[in-house]
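Chemist: In case you want the letters, here they are:
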Amino acid sequence: MLLIDCPFCGPRDESEFSCGGEAHIMRPLAENSITDAEFADYLFMRDNPKGLFLERWRHSTGCRRWFNVARDTVSHEIIEIYAMGKSPRTAAAKAAFTSSWRRDSAAEKAAIKPVTPAKTRRGQS
Amino acid sequence: MAQNQPDRGQRGLPGGSPRYSGFAIAKQAMRYHQDWQRAWRAPDPKPAYDAVIIGGGGHGLATAYYLAAVHGMTNIAVVEKGWIGGGNTGRNTTIIRSNYLWDESAAIYEHSMKLWEGLSQDLNFNVMFSQRGVLTIAHSEHELREMSRRVHAIRLNGIDSDILGPAEIKKFVPIINIDQTIRYPVMGGFLQKRGGTARHDAVAWGYARAADDLGVDIIQNCEVTGLRRRGRKIVGIETSRGFIKTGKVGCVVAGHSSVIAAMAGIRLPIASRPLQALVSEPIKPVLDTVIMSNAVHMYISQSDKGEMVLGAGVDKYNSYAQRGSFTVPEHMLSAAVELFPVLSRLRMLRHWGGIVDTCPDASPIISKTDIEGLYFDCGWGTGGFKATPGSGHVFADLIANDRPNAIAAPYTLDRFGTGLLIDEHGAAGVAH
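Just so you know, the protein sequences line up as chains A and B, in that order.
Start counting at 1 in the first sequence, then tack on 136, and there's your number in the working numbering.
Start counting at 1 in the second sequence, then tack on 19, and there's your number in the working numbering.
Among the hints, erroneous ones may be present.
Stated by the list, open to error - Pairs of lysine to aspartate or glutamate, EDC-like flavour, derived with a Cα cap of 20 Å:
#1 B:LYS252 - B:ASP433
#2 A:LYS230 - A:GLU191
#3 A:LYS222 - A:ASP141
#4 A:LYS186 - B:GLU257
#5 B:LYS189 - B:GLU357
#6 B:LYS387 - A:GLU174
#7 A:LYS186 - B:GLU160
#8 B:LYS252 - B:ASP69
#9 B:LYS324 - B:ASP220
#10 A:LYS186 - A:GLU152
#11 B:LYS387 - A:ASP172
#12 A:LYS186 - A:GLU216
Claimed, not checked - Each pair of labels, with its calculated beta carbon distance range:
#13 B:GLY184 - A:ALA231: 36 to 46 Å
#14 B:ARG369 - A:GLY198: 50 to 60 Å
#15 A:ILE217 - B:GLU257: 31 to 41 Å
#16 A:SER223 - B:ASP63: 42 to 52 Å
#17 B:LYS65 - A:ALA231: 47 to 57 Å
#18 A:VAL210 - B:GLN24: 39 to 49 Å
#19 A:MET137 - B:ASP181: 34 to 44 Å
#20 B:ILE194 - A:ALA231: 24 to 34 Å
#21 A:VAL210 - B:LYS65: 28 to 38 Å
#22 A:ALA231 - B:ASN94: 33 to 43 Å
#23 A:GLY198 - B:GLN24: 50 to 60 Å
By construction, these hints were calculated from the structure, which means they are not laboratory data.
Quick caveat: nothing in here was measured; it's all calculated off a predicted structure.
Note that CB positions come from ideal geometry on N, CA and C, so glycine has one too.
Okay, chain A solo, but in the shape it has when bound (with noise of 0.2 Å):
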């Protein structure tokens, strides 16, 4: 069993939060410009660590927000819990967040800077 620290309400068990799989999966905002194999780089393949790994809880039965957790996949131990949109802070989840192949995906690519002319790149700010 987990003890989630939820960070707007507390230490909570976790039958009372829903676990939403890998954290920091952008979705590619060029999505014509990449294949489909890039694309399903997005859509299916998942980073699945043993070790440290980075994904997103939601307090489904509390406060119904979502948050970040850097949790270890063989001891379960919560290493970091951190907020929606942040990157983490602690030096192993941040090497976590950088070892992963996510990081040099073409889907994640261009996710941060669409490989489309300029006037698209206006409509999305």
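Chain B: place on chain A using the hints.
Modeler: Chain B only, in chain A's frame:
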């Protein structure tokens, strides 16, 4: 759909190992059972093999066996980091059925079912395959309608499947509670009479012994630490017992598939999650079939020893710890007690978890990769045991011929790019 009989290859220990039989037991009894030979060797790894299978579970051992028995590849090895059959092979609830919705699934699971029928003779090892029937029950009008759609699809594929009403279910399973006022009442169900159970350890041991008889090296306590490549081609594996040279590597490691894939820089759509099961204290026979319920997430059978074997759902988070959270079996047990009030005073003896490799479409991946000589058979998720012979059979064919056969072809890794998914969430039994 035409279902041909699978090619079983050389059957029944052609390598000349002593056979198990009633006569052998009588003969050994005269000698106080002191002359039983070991069932398989414990060889040191050779420097090179024609092919190496990573993972000594049921699927890996079956792959090695069919490579030797059907394709004549005997200079091969199975490397296992622990002991054979010590992972999910020894942790599942032993249910066997082939009642899936789509044609692609019917082909592979029925292929497997045909191999189960006759497996004990093929291997000269009693795998205790018992076709006691698998009954899946529905708890709502909607579920019943979806079920009848599935039953018709299954029957169109030439696989047995029958719809039962609550009264027929009560007759078939006298201990079930069909009271319509309970929270999840039994509204109907469907039965595959050819489904059933097998002794899971015996499957691993039987395949290991028969593969060993054909010359396959089964190397236990040997963990793979890396894959050695030259360009885009596999040249060998690094292990805790040294480097092994080989041009073909078949990876059949279930929950650890992503770990091996990462060694080769391959991405998989797999999430490794704990799946839990329990057994009770043994009681006299009360249940001579297998009951499954997708809605309340429970499956139950009674082992030959008399223990009630109960399977729970999958935990919601990724884990490699071979244990899950208590809420999951608690949820399942509350449903089990409502459906089978006779269980309410039973003590649970053992409770465990296995790490299953869940796939987004609840169907497996049997595939070549973009690295020459590296093959994956994974993603069987919560329902791999039933497929053990079929999975090994088609994966051996893929490794031997370097191309998938008609049964394996839909299960490529490419399908996640093309979108040709085989969505079996309805038939998978355990929600992913």
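Chemist: Now tell me, hint by hint, if it's right for this structure.
Modeler: Quick rundown of the hints versus the structure:
no.	hint	in the structure
1	B:LYS252 - B:ASP433	holds, 19 Å
2	A:LYS230 - A:GLU191	holds, 13 Å
3	A:LYS222 - A:ASP141	holds, 17 Å
4	A:LYS186 - B:GLU257	holds, 19 Å
5	B:LYS189 - B:GLU357	holds, 15 Å
6	B:LYS387 - A:GLU174	holds, 18 Å
7	A:LYS186 - B:GLU160	violated, 42 Å
8	B:LYS252 - B:ASP69	holds, 14 Å
9	B:LYS324 - B:ASP220	holds, 14 Å
10	A:LYS186 - A:GLU152	violated, 25 Å
11	B:LYS387 - A:ASP172	holds, 18 Å
12	A:LYS186 - A:GLU216	holds, 17 Å
13	B:GLY184 - A:ALA231: 36 to 46 Å	violated, 58 Å
14	B:ARG369 - A:GLY198: 50 to 60 Å	violated, 34 Å
15	A:ILE217 - B:GLU257: 31 to 41 Å	holds, 37 Å
16	A:SER223 - B:ASP63: 42 to 52 Å	holds, 48 Å
17	B:LYS65 - A:ALA231: 47 to 57 Å	violated, 38 Å
18	A:VAL210 - B:GLN24: 39 to 49 Å	holds, 44 Å
19	A:MET137 - B:ASP181: 34 to 44 Å	holds, 41 Å
20	B:ILE194 - A:ALA231: 24 to 34 Å	violated, 54 Å
21	A:VAL210 - B:LYS65: 28 to 38 Å	holds, 32 Å
22	A:ALA231 - B:ASN94: 33 to 43 Å	holds, 42 Å
23	A:GLY198 - B:GLN24: 50 to 60 Å	holds, 56 Å
Hints 7, 10, 13, 14, 17 and 20, counting from the list given before, are not met by this structure.
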